[in-house]
Amino acid sequence: MIQYAAILLIVLGLYGLLTNRNVIKMIVSLNVMEIGLNIFIISVGFVYDGIAPILTSTNSSSALLFVDPLPQALVLTAIVIGVGTTALGLAIAKNIYSKYGTFNLDEVEEK
Amino acid sequence: MKNFLALALTLFLGVLLILSLTGNTQFTTFGTDNTDNRVSSEYISKGAAVAIIYGVTNDPESGPANIVTSIVVDYRSFDTLGEVTVLFISALGVALLIGSGAKQKRLSLNFKPNFMLRVGSRALFGIIMMTGVYITLHGHLTPGGGFPGGAMIASSILLLYLADDEFRSKIKGFKILEGAAGSLYVILGLLGLVLATYFLQNFLPNGTVGNLFSSGIIPIVYILIGLKVGSEISGVIDNFLTEEDAL
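Residue numbers (the numbering used here), protein chains in the order written: chain B, 575 to 685; chain A, 3 to 249.
Check each hint, because a few of them may be wrong.
To be verified - Which chain A residues stay away from chain B? Per the calculated CB distances, all over 12 Å, these:
1. A53
2. T59
3. Y77
4. I130
5. V188
6. I235
7. E245
Stated by the list, open to error - If the Cβ cut is set under 10 Å, some of the chain A residues that face chain B in the computed set are:
8. S72
9. N112
10. I173
11. G175
12. I178
Honestly, the hints are just simulated from the structure, not real lab data. Beta carbons: idealized from backbone N, C-alpha and C, even for Gly.
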């Protein structure tokens with residue numbers, strides 16, 4: 575049931591992406607959406623009383639109850655790609671600002 | 003009107019998602035996930051019939067004690083190569099869009115950093131850099147690895163940029179480091195193809211689970227990824243903090 579909170583974050587990010595015309599706010603909305611998606615994927619692999627999937631000297635056997643490591647590995651990939659797309663988006667935003675003097679796409683269209 | 007339409011659309015999408023998830027047999031209730039019949043159980047048991055014991059088991063199918071690492075840089079290493087390529091292309095795009103004219107100066111701070119700030123930031127720089135290197139080196143034993151370690155190294159460079167108005171990193175060195183680390187990753191993969199059977203296969207002995215010198219090429223790959231990510235994000239930071247010199 576708690577997973578629906580992650581869906582709320584995804585929907586919130588989508589709403590922000592649709593309604594905002596400010597480039598920086600759009601990038602932030604995209605990030606909120608991405609975080610919601612990551613939380614959702616991680617939460618799918620959660621097990622009650624499961625431990626983090628790392629063998630240590632205290633949890634030394636692979637026969638113990640672990641949480642699912644596969645969603646964590648996939649989210650690790652997704653986070654790195656999210657950083658790359660955010661950096662590229664911010665670079666485009668910086669270019670828009672230096673050319674038009676505003677972050678607002680409505681004002682850009684007028685010029 | 004436009005906001006109302008967007009609200010209706012997102013509400014519709016949210017309700018659709020929740021309706022499709024409730025009562026779906028493929029979607030397990032929170033916390034009752036069972037990995038026994040899925041590929042994850044093979045990742046955890048490393049394909050062995052007997053349980054893997056930390057510090058005892060010798061030469062398992064995949065070396066790292068951190069199971070997420072064994073997925074990211076061993077079972078799905080090709081995926082990680084693609085991920086590193088995506089990061090490289092985005093760093094290249096940032097450099098293309100906002101950087102790399104010959105005459106550039108860094109953004110000036112609107113305060114004069116005093117002596118304490120400069121010395122303190124140098125001391126913190128060492129600690130943050132060392133933590134990043136530690137996390138990169140122990141990626142196969144503890145949480146972390148090349149990606150968070152590289153991000154930490156880049157954040158230490160960012161600290162120097164923010165605390166010292168004279169500081170400017172040598173961007174050319176970053177470019178060389180980045181290219182060398184990326185091509186060494188591919189060369190390691192090709193070595194796996196030549197010495198073993200397939201691309202990016204682990205051709206070194208795996209050793210005992212839990213030792214620092216264990217799990218074959220995985221620490222080497224993670225060090226390369228750490229160097230590559232660190233230099234790439236440092237290059238992106240440099241691109242954002244420099245501007246065309248207004249002559």
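Hint check results:
no. : hint : result
1   : A53  : 4 Å, violated
2   : T59  : 9 Å, violated
3   : Y77  : 9 Å, violated
4   : I130 : 18 Å, holds
5   : V188 : 18 Å, holds
6   : I235 : 8 Å, violated
7   : E245 : 9 Å, violated
8   : S72  : 8 Å, holds
9   : N112 : 18 Å, violated
10  : I173 : 16 Å, violated
11  : G175 : 20 Å, violated
12  : I178 : 21 Å, violated
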